[in-house]
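> With chain A held as given, fit chain B onto it using these hints.
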Amino acid sequence: MRNKLPKVLSVLLASAVVLSACSTGSGGESSEGSSSDTKEITVWAWDPAFNIAAMNKAKEAYAETNPDLKINVVENAQADVVQKLNTGLNSGSTKGLPNIVLIEDYRAQSFLQSYPDSFFELTDVIDVANFADYKVGPTSVDGKQYGVPFDSGATGMYVRTDYLEEAGYTLDDLQDIDWDKYIEIGKVVKEKTGKFMLTQDPNDLGIIRLMVQSAGSWYTTEDGETPNIANNEAMKAAFETYKKLMDSGIVKVVSDWSQGVGALNGGDVASTPTGNWITPSIKAEASQSGKWAVAPTPKLSGIEGAVNASNLGGSSWYVLNVDGKEAAAEFLAATFGTDVDLYQTLNKEVGVIGTFKPASEGEAYKAGDEYFQGQKVVSDFAAWTEEIPNVNYGLNTYAVEDILVVAMQNYLGGKDIDSVLADAQSQADTQIR
Amino acid sequence: MVSQRRINITGWLFILVPVLAISLFYFYPMIQALILSFKSGRGMNLDFVGFDNYIRLFQDSNFITAVKNTFIYLIIQVPVMLVLAIFIAVLLNDDNLKFKGFFRTAIFLPTVTSLVAYSVVFKYMFGGDGIVNKMLMNFHLISEPIQWISDPFWAKVTIIIAITWRFTGYNMIFYLSSLQNIDKSVYEAARIDGANAFTQFFKITIPLLKPMILFTTITSTIGTLQLFDEVVNITKGGPGNSTMSISQYIYNLSFEYTPDFGYAATVSYSIVVMVIILTLIQNKIGGDKK
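Protein sequences, first through last, are from chains A and B.
Going by the UniProt record's numbering, the first residue of the first sequence is number 1, and it counts up by one from there.
Going by the UniProt record's numbering, the first residue of the second sequence is number 1, and it counts up by one from there.
Be careful, since some hints might not be right.
As the list claims (entries may be wrong) - Going by beta-carbon spacing under 7 Å, a handful of chain B positions derived as facing chain A: (1) 127; (2) 131; (3) 149; (4) 236; (5) 238; (6) 239; (7) 255; (8) 256; (9) 259.
What the hints assert, rightly or not - With a straight-line cut-off of 30 Å between C-alpha atoms, the simulated BS3-like cross-links for lysine-lysine are: (10) A:415 to B:156; (11) A:376 to A:366; (12) A:243 to B:156; (13) A:244 to B:210.
Hints were generated in silico from the structure; no laboratory data involved.
We put the CB at the ideal spot given by N, CA and C, even for glycine.
Looking at chain A on its own, in the form it has when it is part of the complex (with noise of 0.2 Å):
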């Protein structure tokens, strides 16, 4: 009996520490509690280089015409956003959480959609015409408007030059072509250079949401809701195609986000099919300058409907329903909302193409850039923009994508293409309710 007690205290110890570790986290720290009068608001963004860039060009064109307004614009990482606009949004104090804040186009349902009064509508802020079309279906609930579109996500093939004329190749041979045909010539630059034709994460499969929504298809239904796996004829040809270029030994396997980019930065590798947002990156390495080129995406071949333009990550900018919300509204609708010489700033000083239609006759969109060989990038990606299907990311994006994950291993491994994506259709379906 004596020897009782200890045991139970140290379970029950044990299980304490446990909890408390479960228990998550406190929200951000303290910013700003600013009432409606006073003129101070908070935006939160990711990517010093980027967004927090943007923003303080943003914050600095507001500033001539409005003095009195002063605005914090506060860097953390994405998961650090996430995380904090989750715990505090769910914790109901909206104490310590920005004005502005910007989300992932992908992630905007789940958050629109789990705090439906949390975020101040913009419908009649901004007008929703002037941004591309895609945009639209992220940032709106029942055809309310909540976000301001910002960066686009349009993406291209940036491509080495050298190496392809190395291995008999021009530009003009890469233009509108299918993956087939992409990892043909993928085939003859390895063995012509020896240089790997892009790189891959495993564990992102940012290149199968690239092909999907180049087909005007996503992994949930148009609901947003529904699981679409099994049956869609766009994701099965994505697969195929994934593996296609896995097996063809043209793909250098990378662990992160970092080390792809120093593939690029190192000469490794002969392209990447990206988003645009990859240019700081690529031109962050001067001595390759006039090497690089951008063609269009490739296409996936055999699914009708499917172009040559796609969308790869991409982020807006929403107001939370808290005190100083007229401030923040009405800073974003005098800069990111009509502001056509913004955007020719951005353009020139951040690398950042919008998604503001009025902008591209800006003349920062028409210009050369010398990094690519005086070739009109801006000007590519905006019409490679109008190009791109609009589908719905719904509300599961990346829930869907960890069973993806693991049902690519699975097809990787040789099991059959049909029964790995049914598994993935009845997972998902489990999962997601």
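Then chain B, alone, in the frame of chain A:
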């Protein structure tokens, strides 16, 4: 009589503060989490669903994969680490060893490094072009780079190597302090009776270390069930969920996917149940049977 009562009141007041604090910061969240585990829904839109979440656990292949992975770490890593820790502790307890302080510090040092920092360093060391592959290739032990992080098997191995490096020194310190409490005369007597080093180790050292072995086993088990930082920072749970731990799955349910805090709480409670069961088993096997 009066002074006795005052002492009692003072005593209770002293205890009251920690009791309140523990109730507020431990028991209240525990109960809240338990209630939460019976709800489900997106973000704030939670509804009571009864035992649905608990039934879902057993159909959820992601959860089952996470439990399997965690138990593979547990079954392989904890014994390897503890044996290693005892071995090193015995070596470092040798009176004739020079620079003892240096070795002890060196082996304990990993324990005080930041979890995230060391994980990131491991990720680069074990990358495709990392230093580990380069060294193995230079010594001609392998002919082509091992995909430490992108192959399901080797990714698990990498995680196990990482946590062993981080926590062996921590457990070693416990054994070392235990060893120093063993009276040297016990060993002298054994030597006089003709016991060799081997016999001394298994007949004296191990039995006397038993309470410490039980303690370290339980703490290491709990630690492994809560494994998070290494997996997230080295492999992100991949490739294809092959290294995902239960804690990471809880994180994914709460923050990576459309948040379902109710189900995440259910998964958290499954860890509690596992810890209770494992601790009871270990107490049964390792505890004193008086």
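> Hint by hint, say whether it matches the structure.
Tested hints:
1. Checking residue 127 of chain B against chain A: minimum C-beta separation of about 5 Å stays under 7 Å; hint holds.
2. For residue 131 of chain B, the shortest C-beta to C-beta distance to chain A is roughly 14 Å, which exceeds 7 Å, and the interface hint is violated.
3. A least Cβ separation of about 4 Å between residue 149 of chain B and chain A falls short of the 7 Å threshold, and the interface hint therefore holds.
4. Interface hint at residue 236 of chain B: satisfied, since its Cβ lies 5 Å from the closest Cβ of chain A, which is below the 7 Å cut-off.
5. Against a cut-off of 7 Å between C-beta atoms, the interface hint on residue 238 of chain B holds, since the closest Cβ of chain A lies about 4 Å away.
6. Given the 7 Å rule on beta carbons, the hint for residue 239 of chain B holds: about 4 Å separates it from the nearest Cβ of chain A.
7. Restraint check, residue 255 of chain B versus chain A: the minimum CB separation of about 5 Å is within 7 Å; hint holds.
8. Hint on residue 256 of chain B holds. Least Cβ distance to chain A is approximately 5 Å, under the 7 Å limit.
9. Evaluation of the residue 259 of chain B hint against chain A yields a held restraint, the C-beta minimum of about 5 Å falling below 7 Å.
10. With a C-alpha separation of about 22 Å, the suggested pair residue 415 of chain A and residue 156 of chain B falls inside the 30 Å cut-off, and the hint holds.
11. Restraint check for residue 376 of chain A and residue 366 of chain A: satisfied, since their Cα atoms lie roughly 6 Å apart, inside the 30 Å limit.
12. This hinted pair checks out: residue 243 of chain A and residue 156 of chain B have alpha carbons roughly 24 Å apart, not beyond 30 Å.
13. Of the supplied pair hints, the one linking residue 244 of chain A and residue 210 of chain B is violated, its CA atoms being roughly 56 Å apart against a limit of 30 Å.
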